[in-house]
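Q: Sequence:
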Amino acid sequence: MTIGKMLVTALTVLSLSTPALAAREIVINGSTTVLPVMQKAGEAFVASHPGAQLSISGGGSGNGIKALIDKQCNVAMSSRDIKDKEKAAADKNGVTPVRTAIAVDAIVPVVHPSNTVSGLTTRQLRDIYTGKITNWKELGGADAKIVIISRDTSSGTFECWEELVMNKERVTPAALMQASNGAVVQAVSNNKNALGYIGLGYLDKSTKGLKVNNVEASAQTALSKQWPVARELYIFTDGQPSGEVKALVDYLLDPGKGQKNVREVGYVPLAH
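Numbering follows our numbering, in which position 226 of the sequence shown is assigned residue number 256; successive positions increment by one, without gaps.
No wet-lab data here; the hints were simulated from the structure.
For lysine-lysine, the following DSS-like pairs were computed, each having C-alpha atoms within a straight-line distance of at most 27 Å:
1) Lys238 to Lys167
2) Lys198 to Lys115
3) Lys175 to Lys235
4) Lys238 to Lys70
5) Lys101 to Lys70
6) Lys235 to Lys222
7) Lys287 to Lys255
8) Lys241 to Lys167
9) Lys117 to Lys101
10) Lys255 to Lys113
11) Lys198 to Lys241
12) Lys101 to Lys115
13) Lys255 to Lys238
14) Lys238 to Lys290
15) Lys290 to Lys235
16) Lys198 to Lys255
17) Lys198 to Lys162
18) Lys113 to Lys198
19) Lys70 to Lys235
20) Lys255 to Lys235
21) Lys287 to Lys70
22) Lys175 to Lys198
23) Lys70 to Lys290
24) Lys222 to Lys175
25) Lys167 to Lys222
26) Lys276 to Lys290
27) Lys276 to Lys117
28) Lys238 to Lys222
29) Lys241 to Lys255
30) Lys175 to Lys241
Owing to the predicted nature of the structure, the values given are computational and were not obtained by experimental measurement.
Could you put together the complete structure from these sequences and hints?
A: Following this line, the structure appears as structure tokens:
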């Protein structure tokens with residue numbers, strides 16, 4: 031890789047030929063929710079740190095944490111906390127995952143822009159995703175079957191949705207599982223009867239965000255926890271970060287640098 035150039039492979043899992051990582055290359059893997067922050071901040075970081083190299087790939091929070099445990103990356107991006115079984119696997123492999131929050135996110139239910147429904151309750155969302163509500167007519171919309179779009183089970187966004195909306199009830203097998211936020215946006219924007227959920231940073235005019243419990247998703251409602259589906263976004267390192275990795279973490283947490291990038295991609299900077 032050319033020095034100073036950042037390689038971004040958006041949705042593919044990075045594989046290294048050996049576990050040994052280049053001295054100044056930072057290998058970053060994981061959550062597609064955190065990915066836009068890392069891409070934006072990474073470009074600026076590389077520009078201000080001549081010789082630094084970043085290799086960034088998104089494949090889900092679980093894949094990122096696994097790569098860290100397997101010593102295949104320096105930084106794991108995750109939209110959920112680490113699980114006990116992952117901690118045990120890390121300990122067995124001599125890895126000490128250290129968590130750093132870098133942003134706040136709102137998970138937003140989205141529909142096709144032509145959908146007349148403007149808001150749902152968490153109970154209605156749960157009933158849709160368990161298969162109890164199947165037609166938009168039951169929610170004041172058109173007489174049409176709801177096409178349920180969900181993230182797949184390797185996704186931290188899926189796990190947060192499962193915890194904060196589903197109350198641990200199982201998502202119906204009829205749901206169409208997607209590997210990334212971008213895939214959910216594409217699926218919903220191409221189907222007028224679809225319902226999905228995405229990170230706030232992926233919300234654009236191709237989909238319509240719904241209110242939940244009569245609250246609108248925004249930076250303010252996510253930080254205040256008024257938004258019922260808000261969570262922190264994390265990175266994990268093996269032990270306390272040092273060297274180039276520490277420089278990157280410091281950049282991400284700097285209010286005038288990385289936290290500014292967080293805002294620029296549509297997420298919520300940490301409260302300082």
